[in-house]
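Place chain B on chain A using the hints.
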Amino acid sequence: MLSVFMAVLRRDLLLAWRRRSDVLTALGFFLLVTSLFPLGVGPEPDQLAQIAGGVMWVAALLATLLSVSRLFESDEADGTLEQMLLSVEPLAVIVLAKVCAYWLLTGLPLVLIAPLIALQFSLTPDETLIVCASLLIGTPTLSLLGAIGASLTLGLRGGGALIALLVLPLYIPVLIFGAGAIDRWRAGLEVGSNLALLAACLLVALAVAPVASAAALRIAQD
Amino acid sequence: MAEATVPLISAHALACTRGSARLFAGLELAVGEGELLQVGGANGSGKTSLLRILCGLSEAESGELRWGGEPVKKAKDAWRAGLLYLGHRNAVKDDFTPLENLRASAAIAGEALGEDTALRALVDIGLGARLDVPARNLSQGQRRRVALARLLCGTRARLWILDEPFTALDVRAVAQLAGAMADHIRGGGAVIYTTHQPVEIDASRRALLNLDDYAC
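Each protein sequence line maps, in turn, to chains A and B.
Take any residue in the first sequence, note its place counting from 1, add 18, and you have its number in my numbering.
Take any residue in the second sequence, note its place counting from 1, add 211, and you have its number in my numbering.
The set of hints was computed from the structure by calculation and includes no laboratory data.
All C-beta atoms in this analysis are idealised placements derived from N, C-alpha and C, irrespective of residue type, glycine included.
Heads up, a few of these hints could be off.
Quick look at which bits of chain B chain A covers, simulated, 3 or more residues with Cβ under 8 Å [as the list claims (entries may be wrong)]:
hint	stretch
1	257-271
2	298-309
3	317-330
List time: in silico EDC-like cross-link candidates among lysine to aspartate or glutamate, alpha-carbon distance up to 20 Å [what the hints assert, rightly or not]:
hint	chain 1	residue 1	chain 2	residue 2
4	B	Lys287	A	Asp144
5	B	Lys287	B	Glu275
6	B	Lys284	A	Asp240
7	B	Lys284	A	Glu100
8	B	Lys287	B	Glu272
9	B	Lys287	B	Asp327
10	B	Lys287	A	Asp240
11	B	Lys285	B	Glu272
12	B	Lys287	B	Glu244
13	B	Lys284	B	Glu270
14	B	Lys287	B	Asp305
15	B	Lys285	B	Glu275
Chain A on its own, in the form it takes in the complex (with noise of 0.2 Å):
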């Protein structure tokens, strides 16, 4: 099980080196759509920290989105998900694994590059600090639901408005105790609760998204 897990996950890493222009389109869309605020609100430092927490939440959610889409899209093309639906090992553990590879091409990068994103807003160090824990911690979980998304949509036409609709209302909780981190922080309350929220989210979302995509691919391949 570790093993196909390994080999999967091994597997999308590298095909991904082999087109690194695809990885980078999230992140483009994550530092593009964070630099249009300061330039549209205007450069009130206290303003724009005020909405740092949501822009910044707001914007990972939307690049996640844009990229999750394409989850299974090369897989099921070549036929690939055919022979993972047929492998003798668990088909929501290859899942788990594209996922796994999934977030750290484009979760991981936005975590990494929001302190720079946080210097547009004019966060302080601690601020900063504590948006990059709630992504760092929120940003899985929403990779992990819009698999559910992208293999409930897989082979649709239009499915990438789709998958919007679907995965878009799944998201609300983890962007209400993500962006409130923050205002918490500001507001002089503890954030601990916010995150160990985030983290349960997580683990929810760890144990039931593979499995029902998996299932769900199952179902699209009939």
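For chain B alone, coordinates are given in the frame of chain A:
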């Protein structure tokens, strides 16, 4: 078809509907060790649908499927481990070399495949000179060979289900694949395949299933 031993796979009263069209109904088949079954029929008669049902990618509308005499729902693990399916699509990644493709597909299937065995299979199937070339630069026939190299790696699968395996292959590769299928059958394996090409495969127990006979 000989019924002396329990067949590897058998289907009873199988019916399949695609969209609003009923493709076949009341289909019976049994394939045991050392047997070769060619599925024939006109275009659109449901050959691919039947093969996908047999390997579990699609659900039959009605009827029962048994693996080793047991309903497949009970013998799911043995069923999955016991068959190898190669469909129309090659499951070959454009960005991978033949060797990377072969090892990745073995890993996805859950089989360990050493580099030596993989290399030998690729050289045997005539890709020795193209080992470092990404699959995007290979011809259609060569990409097909990358997928078919799985069959030469000594898989644990006893039943091969091959959908149009000879498509896009040249004469030499066709003969080689026919030889590999014959070897597999001699070694106690079984093969179910479809083809529109007249290819002679050396097997003592062979059968032809014509889906036109079961059309609705």
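Verification of the hints:
no. : hint                 : verdict
1   : 257-271              : holds (count 5)
2   : 298-309              : holds (count 10)
3   : 317-330              : holds (count 5)
4   : B:Lys287 to A:Asp144 : violated, 53 Å
5   : B:Lys287 to B:Glu275 : holds, 14 Å
6   : B:Lys284 to A:Asp240 : holds, 16 Å
7   : B:Lys284 to A:Glu100 : holds, 19 Å
8   : B:Lys287 to B:Glu272 : holds, 19 Å
9   : B:Lys287 to B:Asp327 : violated, 31 Å
10  : B:Lys287 to A:Asp240 : holds, 17 Å
11  : B:Lys285 to B:Glu272 : holds, 19 Å
12  : B:Lys287 to B:Glu244 : holds, 19 Å
13  : B:Lys284 to B:Glu270 : holds, 12 Å
14  : B:Lys287 to B:Asp305 : violated, 32 Å
15  : B:Lys285 to B:Glu275 : holds, 12 Å
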